[in-house]
Structure formats: structure tokens, C-alpha cells
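4 protein chains.
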Amino acid sequence: MDFSIPPRVEPIVRRVRAFVDEALIPLEPRFLNGSFRSLLPVLAELRAQVKAAGLWAPHLPQAYGGLGLSLTEFAHVSEELGRSPLGHYVFNCQAPDVGNMELLMHYGTEAQKRTYLEPLARGEIRSCFAMTEPEYPGSNPVLMGTTAVKDGDDYVLNGHKWFATGADGAHFAIVMAVTNPEAEDRHRRASQIIVPCDTPGFTLVRNISIMGEPGSDHASHGEIRLENCRVPQENRLGAEGEGFRLAQIRLGPGRIHHCMRWIGICERAFDLMCTRAASRKMSSSAWLADQQAVQHWIAESRAAIDGARLLVLHAAWKMEQEGAYAARVEISTIKFVVANVLQQVLDRAIQVHGALGMTDDTPLAYWYRHERAGRIYDGPDEVHKWVVARHVLGKYRDAGAA
Amino acid sequence: MDFSIPPRVEPIVRRVRAFVDEALIPLEPRFLNGSFRSLLPVLAELRAQVKAAGLWAPHLPQAYGGLGLSLTEFAHVSEELGRSPLGHYVFNCQAPDVGNMELLMHYGTEAQKRTYLEPLARGEIRSCFAMTEPEYPGSNPVLMGTTAVKDGDDYVLNGHKWFATGADGAHFAIVMAVTNPEAEDRHRRASQIIVPCDTPGFTLVRNISIMGEPGSDHASHGEIRLENCRVPQENRLGAEGEGFRLAQIRLGPGRIHHCMRWIGICERAFDLMCTRAASRKMSSSAWLADQQAVQHWIAESRAAIDGARLLVLHAAWKMEQEGAYAARVEISTIKFVVANVLQQVLDRAIQVHGALGMTDDTPLAYWYRHERAGRIYDGPDEVHKWVVARHVLGKYRDAGAA
Amino acid sequence: MDFSIPPRVEPIVRRVRAFVDEALIPLEPRFLNGSFRSLLPVLAELRAQVKAAGLWAPHLPQAYGGLGLSLTEFAHVSEELGRSPLGHYVFNCQAPDVGNMELLMHYGTEAQKRTYLEPLARGEIRSCFAMTEPEYPGSNPVLMGTTAVKDGDDYVLNGHKWFATGADGAHFAIVMAVTNPEAEDRHRRASQIIVPCDTPGFTLVRNISIMGEPGSDHASHGEIRLENCRVPQENRLGAEGEGFRLAQIRLGPGRIHHCMRWIGICERAFDLMCTRAASRKMSSSAWLADQQAVQHWIAESRAAIDGARLLVLHAAWKMEQEGAYAARVEISTIKFVVANVLQQVLDRAIQVHGALGMTDDTPLAYWYRHERAGRIYDGPDEVHKWVVARHVLGKYRDAGAA
Amino acid sequence: MDFSIPPRVEPIVRRVRAFVDEALIPLEPRFLNGSFRSLLPVLAELRAQVKAAGLWAPHLPQAYGGLGLSLTEFAHVSEELGRSPLGHYVFNCQAPDVGNMELLMHYGTEAQKRTYLEPLARGEIRSCFAMTEPEYPGSNPVLMGTTAVKDGDDYVLNGHKWFATGADGAHFAIVMAVTNPEAEDRHRRASQIIVPCDTPGFTLVRNISIMGEPGSDHASHGEIRLENCRVPQENRLGAEGEGFRLAQIRLGPGRIHHCMRWIGICERAFDLMCTRAASRKMSSSAWLADQQAVQHWIAESRAAIDGARLLVLHAAWKMEQEGAYAARVEISTIKFVVANVLQQVLDRAIQVHGALGMTDDTPLAYWYRHERAGRIYDGPDEVHKWVVARHVLGKYRDAGAA
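Chains as they are written, first to last, in the UniProt record's numbering: chain V, 1 to 402; chain D, 1 to 402; chain Y, 1 to 402; chain P, 1 to 402.
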């Protein structure tokens, strides 16, 4: 039993933290009050600095220009990046690209790697992932309306997707579509297919207005129509009917990545809350920090964040030791635990800021509205609680109890 | 003891409800995805319809063109209006104008009434209320930096205000300013002064970006600078040094008004939640409504809203029977209770909607982000809990216990 | 809309309150540290005083020696009685006798009334109600193992019951037993049968040890075996197969009665909490009442109790206006709301008392352990939430939504 | 970073678990329905078996007959012991003796060790710790009424203590008393003094009735009067005025010990909850485990217990690495976190058991009532939250923020 931070990661964490503090946090007011697209030039510059500093793509193997960190090592870095809404993007480990890179790395053909993975890894292009459909519950992945029908050497795709993060400006999409509707196993009916976004029939209908803003470029979530959209069959990722399996493989570490990032948001919100409490006077002699209610929020938040971080590190550690399948219950656990801790910490931080907390003068309001989705995407709380309970109860039912 | 709705209000409630359903709810998509300002022409038309229907300004005496409802009677109407974010505006009982009308009605001179109240009552102009300052905690009203110094027959105002709702496009502001800095009683140092918004030195610095949107016109919250802003002393509302007393008088019913409106939002969110639960299929045979978690949210929300409504009606009834001062503890109670019920009901309604709940395709996300302020403005939860506890404990301390 | 206490009840409430304060609360230390049975002589004396004072059996019609209060009127009295664990017993309106009296009054034959109701109403005997069975979930009343088979003019009962409150020392039990196992409607298979406790074959197996104490006499919950227990068929209450209907009829007002009593416990706990907070010094200059956490508990408890009381009064009012069936959703609502408010208020009151709160030197610990059952008996929270949700969602499903 | 259980502990844990399952859990019905005192003979036998098995006193150095486990190693064992209310006693690591042993080991004179520590370590005698006083808040340890005045070679003690766990049957008490009332530093006024329980003037007034039971022997909490109680000065533990420092030293690991034990209770309650859910039928085809509410309680409990355990292990690890002072914030964190997780898990387990959960047929009700004290003793939640917040905010205040 050893809770210490791995020594080789410590200096990386320190440098990443400094970069976030010095280069990203000062940029936040522009991010919070302008469009992401208008920031692209300055973000490109920052990305170049990150590369030059040897901190690029910490999650990627060195062969792809990354730092080659393990999952638990990356956890510490990801937390630092999460402290700013710009962190992961500037270090090129933002969702959904990070998941798409993993898929391509493990299941892509050499040609797919060359065409899609390499420029992604270099940060030259972006991608999106088109799975969720407005007509079907995301919590039941066997319900899916999008189809890909073989025609000659091609697939012809038709369907309706939404919540494709970063579709606006993406170079290509990985699209989940039913390729084998007749398969007996309902989990083997769909495949993942790479669709370049300029393919005729691929339409970004809109950037969905979410919590008051449609956003732009990477900071957006697209609604997509696929109408007789034709791509070569060689664009299929992995084997036919493997779509769900790949999605599961993608989602396991993906959820850990979200949780790591959320811990970083928690820490930043906690820091803002404490700074405000210790600097805001309520009267000539009393500070906000003197209020017991504020002290309790701080103590409860500190405890909740620390407990959440340990659960995340433990899940990542178990996944490293025994694989994603063995760690699936731990992953479901952190998914709902951390998403809820995050929401509560943000809520308290806003309350401590009073009216200021409602404004876009701090990043709290941004996270408050956008990270509400953390309890919904990649499986809502209710699905993950069911995963945990089913696993636990399974042992009792097997034992002949029921 | 009689819990029935007053018979003379019932038909009004029914008609208001129909108007909201038929005329306002269909307009919401434009409100949620466009600017308030762009809606002004259609809103003006709707206001004319409301007048023509004899439903205008339900809270105002008939002498001012209103329906002359009592507070408890208005509660039922306000709840119906609250079901849409456009309701109160279209019926001309929106904050902060409703509070400003009350102040002018009870404390305005005849000239002030003619110049400011009458066009407000007719809906020809709008107004704002400038009290909160970024540099001082709103929870401690004796801390205030804005001053109004007498100079000849005028006041010269200097100061910095923010969260002046609807300042953008307002005809005048009622400004709290220190007029008597030397007064021994710290609660008698400020006065309320009417400042036309085109007065030189009165600057709307910005519509504050709140939860992602600066908003416009009535749907905005302004930051204001007052620099040597000169108005005649006859623009003072009430006596010198009465600013806090008037603010208190304004806030009492003002808080009840917010609570009534929040009940309406709760009901709409509840309705959306149930509609979604009963219409969304999770599989070929199961509806969202079949999930026990959803059923529990519905039952708990139903109970919480019903309890909150009774508390609001009781507070309004007590205020009618015994006055605002006698009802101040009841008012503080509902302020924090209803604001929290509202936040929880909205949160559950969003969760039931899944990804859709995050979008601006329903009004839930709008309320989720903007009504978070309900736990902050007009006194944060913590202040109101203190008011209740101080009152309760006072009786025990007086009893010699402490 | 009128929230005032009915004038004819006010003086009764005042007198009851004084009696509880002067005669019952001083007796609590003996109740909390001794056995109920040892108190029987002094309780008999107090009951005589209550009769002499003209306050006996406030819920019963005057024809049966009671005060003839309506349900909403009784609510105010019941709250006062609930302030002491001895209140309802001393005024002869304790569960389960109060429910048995109602059943006998409305469904008893003249002979049954003479034999069982009249001495109950006079407080000369006690009774119990034997429905729940250890082998079957109380939440599903159609599952029942106890049978009553006709044999000549008799019923012969066999079965196993528990949680028969006050079985120890009771004169008779009303027993739910399956009389018509072949009935198609599963809700029409059982009947209620009066079984004198000295009938051969009726055995009180034990007073169940509950939260550390088996208790005695009225303050106990019995486990009962019925083995070839023979009673005349004329002991059946109501028609054959009507058992569930009668149980429902009994439970409706029964739940309101519990809620009224719980409000009284809440008020007493609240009073103890405030008294302690205002009298306990934390240092030479600071009282427990100065702690913001304590103030928040007090404010939140005050709000929760007031909201709960209004919901209870409203449910009682609706039941009076429209009958128990029309008010069933309101009754389910208060059942889970008030039980939870009670638990939370008791928990906070204990925390404010510190170590003292754990002791039997106050009644808090007694209620903390015994009223935990309030979320279980007469339908657990989960059943009542389901009742509310089913009713609400029914309207949406019927509307064609699902 | 390594989350695995230390290999040398694994076999010990396995054997302890088996012993608890086979020897202690079957004894619980007698413990829950009888007196602790009546169990002493059988417990003595079990203690002999534990010694014979080489599992005695796992926390003690081998020199004192123990297993010599480190704190993190003991954590795993303590959790197993915590699964039964009898575990720690039978393995001779029960509070308050475990803390007294630690004090004597580190601060006792050779004579004190021989006279008091050695028989304690062998389990031949028991001891108690008398610090808390009814007249003063335990949360403010500088308020203390008990005095020890020097008289010749003796101390003469006078005072009033309560909540001295296991005073009934204890051989000696360690008493906190003011020895240096004139010391400027209020934390250096008291000393700890060993007082044999048969010393004239030492009176066990009563076993306090707690949550319905006064208990007996080790399972009791005593109220004590010291009246001119005379002991030699050599009975002082540590230096004069060191009482608070020793109490702090005692309490640090003491709190970790409680938390470890609570995790064990959580696991047992969780196991009972799952067993019940998987074995209780709600209808002919549905189990309690099929209810989503139950599944959510199970998932949330699993997550909360796992997070709590990691926090406890981390605090113990930090204490091992850097000492108790460095880990004091972590210790305060787990104190309030685990006590609350425990209360919630017990509450849910009871709800899943329905009426059975209220009875003493399972240990749930015992823990529900007695472990409520976990949020009070050794510092109430509020004190520990304050410790955490003060530490966190200190860094912000020092930074010049306030």
C-alpha cells in the first residue's frame, strides 16, 4: 500500500501546473466571454509552446509524439489540465479526440493510422464521435436508427445523430451505424465507420444550443444528418458488428479520463471558493471565511474531493493491473460519484461567490452549466448505479439467496 | 381553516393559464434561441392582447389599470404566469418593475406618480433598481459606496452598481445611495433616488454576462457607473435616510412574488418531467416512467412543490392579515425553501430529459442556469436562515435560557 | 383561503398543552428509564383526571364519551399530545386502539360495539391489530399466510403475526385472515375477525425486542401464533372478504393520525433543541446558539415542520371535504414527508445535545430509535412514493403520452 | 502508487474473518437480547481461543503478546473485527483499553507498565478513560471542572465525569483533571492520572441509560463521581500539565481505530442488506433486489464505503509516514466522513429489512442506536469540519488574502 505520487510524474505535474497558471488561466476571460473559434490562433500558439516544452499529448505513446504516461500517471497530469477549461485542448488530450486516438491506435489499419491518427496526434486536425441519437435513449445502446448498407465496395449511411462533440470544424467523424441488423446478438449489429466530414450527405445541421450557447469549433456539440452518405468499406474501424465492443473499450478509459478532469475542475473551484472566502469582507471585522456554513462547505468539499480522487486513482490502478473489463464496476462507481461531487462543489463555490458566481467573470458558471451533463453523458448516474448493484447483487443471487 | 382557491380568482386563473399555454409557450423557442430584444414587437402585441382581455397587471389596483387582486389572490395567477419565462413580462408584473410600482404607489409624490408610475403601469416604459454593488456584500446592506451629495436643489450621485435587472432599455433607475453618511443609525444613511437613465453621468457599463449570456433589454442585468450624475432632489423617493426602510418594504412582498413565480416554474418543470417520463421509451416495452428512480423523483417533487406552495400561500395570507413586518420570518422561510425546491425540481427534470435537458430545446436549461441566482439575490439562503433562527432563538434567550 | 386555527379548538388545545406540560412531561423520566407496566397505576390516575377535565378521547363522538372533534380539529390537539410519548395513551387516542375504535364504530354490529367498542372508548380495555406477518412483505397485502376456515358456526384461525402493537395486555385482537382463498380478486380473500386474547390457541410468543427493548403492555409489539384458534363467525368485522377494504379504510385516517402525532414530536424535539442551544455555553462568551450550523438546523427544521404541518392539515381538510379515497394521494404524500422530517429533526436535536442526546435523560433517544419505524410501518416510504407517482403519471399516460 | 493489501496481512485477515464468522456472529443473538455481563464466561473462552490461535491483540507489539501490526496493516484486521459488535473485545483491541494501552506503552513508567499495561495486554483486567464532563462541552477541552490537588505525595481528586466507556467492571480509570489551574497556556492545565476503581471516593454513579439500555460491564458508559479521591502522585501519566497533549496523542490513532471499525460495521450492514434484498420476495416473481431504489442504495453504499475505506487507509498511511500531527487534518476528515457514511448505510440496511430491521433479530438496530454517537464522541462532526476548514483556509489567509 503506497499512496505517493510516482516520482517520474512529479516534475511533469509541476511544469503542467505552471503552464496552466501562467498561460491558460489568464486566457479564460476571453474564452468565457467570446467564441472558441476566435481563440484558435492564440490556442495554436500555445499548442506549439506545449510541444516545444516537451509536454505534448501526455497520454500518447512516445512513438506518436506523446509522453507515454500510464493511466495512473496521466491521472495526475489530467487533474492539472482540468483546472482550466482550455487545458486538455491545448495539450491535445481533449475528448472526443483522445478516445478516437485510442480506437485508431488499437483497431485502426495502417492506412487509417496514417490518414487519421497521425495528424490527430500532431494536433493538425480534429475529429468527432457520432453515436447518440435523439430518437433513442443513449442508456440503451442496442436501440439505434442509423444504418450503413453495403453497396459495392462502399457503405451508404443514413441516420440522425446528435451530441457529437466538436463536430463543428472536425475533419472526420467516427459513426456508429447498424451494419448487421439481422445479427442474433443485438450487441453485434453495429459497426464503427470513419466518415470524413466533407463527404456528400454528411450535414452538420446545427451546433446544438446547450445551456444558452451553441458554441463553436471544438467547444460545441453537433446535430448531424447522414443522407446517403457513401464511404469505402475500408473506412470501417475493426471487424463488422464490433461497434459496441469498440464503444465499450473506448468508454472505459474515457470515463476515467472524464473523472480525472473533473477532479481538476473540483480543485480549481475549491481554490476559487477558498480564495473568495478568505478575501471577501462581510463587515469591517469579519470575512466570509469566518462563517461556519462556509467552513463546513470547505471541509465537506475537501473530504469529498479527496475521497473521489482516491477512488479514481484506484480504478485507474485496477484497470492497469487487471484490464478494463475487471475494472468496469470501479469505473461505473467513479462515473457517478465524481460527477456528483463536481456538481456539489461547483454549487457551493458559486454560493460563496454570491452574485459574482453567477457571472462569467469566473469559470464557475461555465462549469456549472456545462458539467451538469457529466451526470448524463457516457451513461447517466442511474445506469452506472445499476451496473454496480447488478454486479454486487449477482454474487448474492448466485449464492442461492435468490 | 379553508384551503380552497378564492372563487373570484378561479376564472382569472383559468384564462391566464390558457393564454400562457396558447400564446406564450409556443413563443419560447424563439426566446430561448434568440435575443429578448428581437422579441419586443411580438411581445408588444401580446401585451395589447392581455390588456384587451382584461387581464393586465393583475397585481395593480384597478385605478392603475390592474385587476386589483390581493396578494393571496395574485399568488394563484403568478404561479400560472411563472410557467413560462415570458409570463410576468407580458402581463406587466415582472421584477423589478413590480417592486418599483409598489414603491412609487406608496411613497411617490403626485409628480413622481404621474411621471414614472403611470407609464410603468401602462407598460410604456420599463425601470430598474440599482442597489447591489460589486465591492460590497449584498448581505450586509449598511455597506454601500454610492453617494448622493446635495448641491443646490440637486443630488450629485457617484458610485458603482451591478445586477440592476433590465437596466438595458430602462427609462429610469431607482438608485440606493448614501445621503446621510453621518447618521448614527447605520440603517438611516441611505436614500432611494429616481435617476432617469439618460441623465449625463449615468452609464450602463455592460450587460453582465451571466451563465453564458449577457442578454438584452428586460432579460439582462446591468453594471452601472454613476459619475457626477445630477438629478433634482425632488427625485428622492420618500424621506431622507429612508432608503433601507423602503428597500425592506419593497423586498418583503418582492420575495413573496419571486416565490410565487418559482412555484409556477416548478409546476412547468414537473409537467415537462412527467410528460417526458410517460412518453420516452427505454426499450420496446418499458417507459422512462416505469423506472422507480423516476417515480421517486416525481413523488418527492410533487410533495416538495405542494409543501412549498402552502408555505407561500400561508406567508402571503399572514402578510395580508398582519402586515409585512409580522410576516418577515415566514417570508425568509419561503425565500430559502422555495429557491431550493426549485433548484432540485429543475435538476431532476433535466436528468429525466437526459441529453435533451441540457439543450435549449426546452426551457429547463434556461431556468437551471438563471434561477440558480434565486438562492443568492434578495438575500442568500444563509441570511434568511439566520433571520429565522434569530427570531426563534430570541424567544429562548429572552426566556432567560441564555 | 384561511389558515387560522378553528376558534372552538383553541381553548381545548391550550388546556391539553398545559396538561401535557404539567402532568406528562414530568413523568417522562420514569417512562424512559422504567417499564410501561410499572406506570400503569399512575397512568390510570391521569386518565381519570383527563376524563374529569372533559378532555377524554378528543377524536370520539360525544355519544361515546369523546369530544367529537373533526379530523382537522383533532389535528391540533393530536400535535399537542404528541409532544410527550405518553400523550395519546393518557387521552385514550393511542394507536392501534384509535383505529380499532373507528372500525368498530363504522362496521361493528351492535353486539360488537357493546362488547368491544364501549369498554375501549371508556379506556377499560385495550386491543391490538394483527395484520403483518414475518414471512410476507407488508408492502404487498395480498400475500398472507394466516387462514380462517369455517367450521360450524365458528372460524378456526391458524397463522403467524408480528408487530401487533400493544398485544401484551390487550383484551382482544382484530386479526386479518384469509377466509376466501378462492376469490378471483386477490383483494377480496381476507376478512377481519375479532379474537379475544384469551382464546385457546392464541399465543403471544414474545414482545419483540425492538431497538434494544422488548417493552411491555401498551408500549410493546407482539409476535403472535394462532393455532386452531376458534371464534364464532359473528366475530367477523364487516362482510366476508372485506378485510382489505376495511384495512384501507382504517389506514387512511390512521396515517393522518400518525402524521399529526409526529408533528407534535417534531415540535417537542425542536423545543428541546432550541432550549439546549440557548442555554449551553461553549466558552465563557459563546453559546451553542451562536453557531451558524446550529442556527441553520433550527431554521431548516422550523421550515420543514411548518411545511409538513400545512401538508397534514391540507390532507385532513381534503379528507373531510371529499372522503378518504379522494385524499389518498395527499395521505401517501404526508406519510413519507412527515416521517422523514421527523427523523431529520430528531437527528439534529440529538446532535445539538451532544452526548446528552444519546442518553435517556431526554425523550430524544427514545423517539430516535422507535420512530425510525415511521418510515416502515403503515407502508414504507417507497410504497407511498409509488402511490403518488402512479397517480401523477396516470394522468400523463392516459393523455396518450404512453 | 499501490493499492494492494500487504501480503503478510492477508492470511491474518482471512483467519480473523473466519473466526468472526464461525465464533462471534453465532453469538450475537445472545449479545443483542441479553446482558454483556452474562456473556463474560463464553467471551473468556473465546479470548483463550484467539490467544491459542496466535491472533491476540493484533495492534500490540510482540513484546506485549500482540501481532505487532502496523497501523495500515491493523486497519484490514480491524475492519474484519468490526463486522461483529463482539470482535474487538474478543481480540483485546477494544476501546477504550486500546487507547489506554498506547498511552501506558509510550508514557507509562516501568512501574505503571508492570501494574497496569501488562495485565491489560493479557486481557486480565479492563480500564476506562474519564475525560468528558456533563457540565462542560466536550468540544472545548479547556473547560474542565475536575481537579487534582497535591497533598503530600498524593493527588486528591474531585470532580464529575461521564461517558467513561466500560467503567462498570474496570480495574482502573485514567482521569483527566486540572492540576495546574494557574498555567497561562490553558492547554497545559490538566494532567492524566491513573485512579484504581476501588479507590475510596471513586464512585460509579450509574451506567448511563443510552438509547434505551444502561448496558453492563464493557458494554456500558459510566457516570463517575470523584470525591476526595486520593492516589499517589506517581500515578500521574506523563509530565504535569501534559494531559491535553496526551489526550491528543491518544485521540489521533483512536479516531483512526474507530473509523477502521466503522468500515467493518458498514461492510456487515451492506452484506445484510444485500442478503436480504436477494432473498426477500415481494411477489411471486419479484425480489426486493429488483427494486431500483434498493439497487441505488446498494450502489451508493458500495461507493461510499469504498471511498471511505481509501480515505481511512490513506490517513493511516500518512500517519505512519509523517506522524500523527502531520495527519491531523486527514484524521479529522475521516472522523466525520466515515461516521456519516456509517449512519447512512445502517439507515438504508434497516429500510431494506423493513420491520425486521427495527428488531434485535439482526445487529442493525444495535448499531443504528449506538453508533449514532460516532458523530458526537471524540469530537463532533462540527469540530472536525472546523479543523479541516481552518487548516485549508489558513493557507489562503497567510497568502495575504485576508
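Accuracy of the hints is not assured; some may be wrong.
Since the list can't tell identical chains apart, any single copy or any two copies may satisfy a pair.
Keeping only pairs whose Cα atoms sit at most 20 Å apart, straight-line, the calculated DMTMM-like set for lysine to aspartate or glutamate is [said to hold, decoys possible]:
no.	residue 1	residue 2
1	Lys51	Glu320
2	Lys395	Asp361
3	Lys113	Glu102
4	Lys318	Asp2
5	Lys318	Glu240
Simulated from the structure, these hints should not be mistaken for laboratory data.
Structure-based check of all given hints:
no.: 1; hint: Lys51 to Glu320; result: neither (27 Å within a copy, 40 Å between copies)
no.: 2; hint: Lys395 to Asp361; result: neither (51 Å within a copy, 24 Å between copies)
no.: 3; hint: Lys113 to Glu102; result: within (11 Å within a copy, 63 Å between copies)
no.: 4; hint: Lys318 to Asp2; result: both (14 Å within a copy, 10 Å between copies)
no.: 5; hint: Lys318 to Glu240; result: neither (30 Å within a copy, 51 Å between copies)
Taken one by one, the earlier hints fail for this structure at numbers 1, 2, 5, listed in ascending order.
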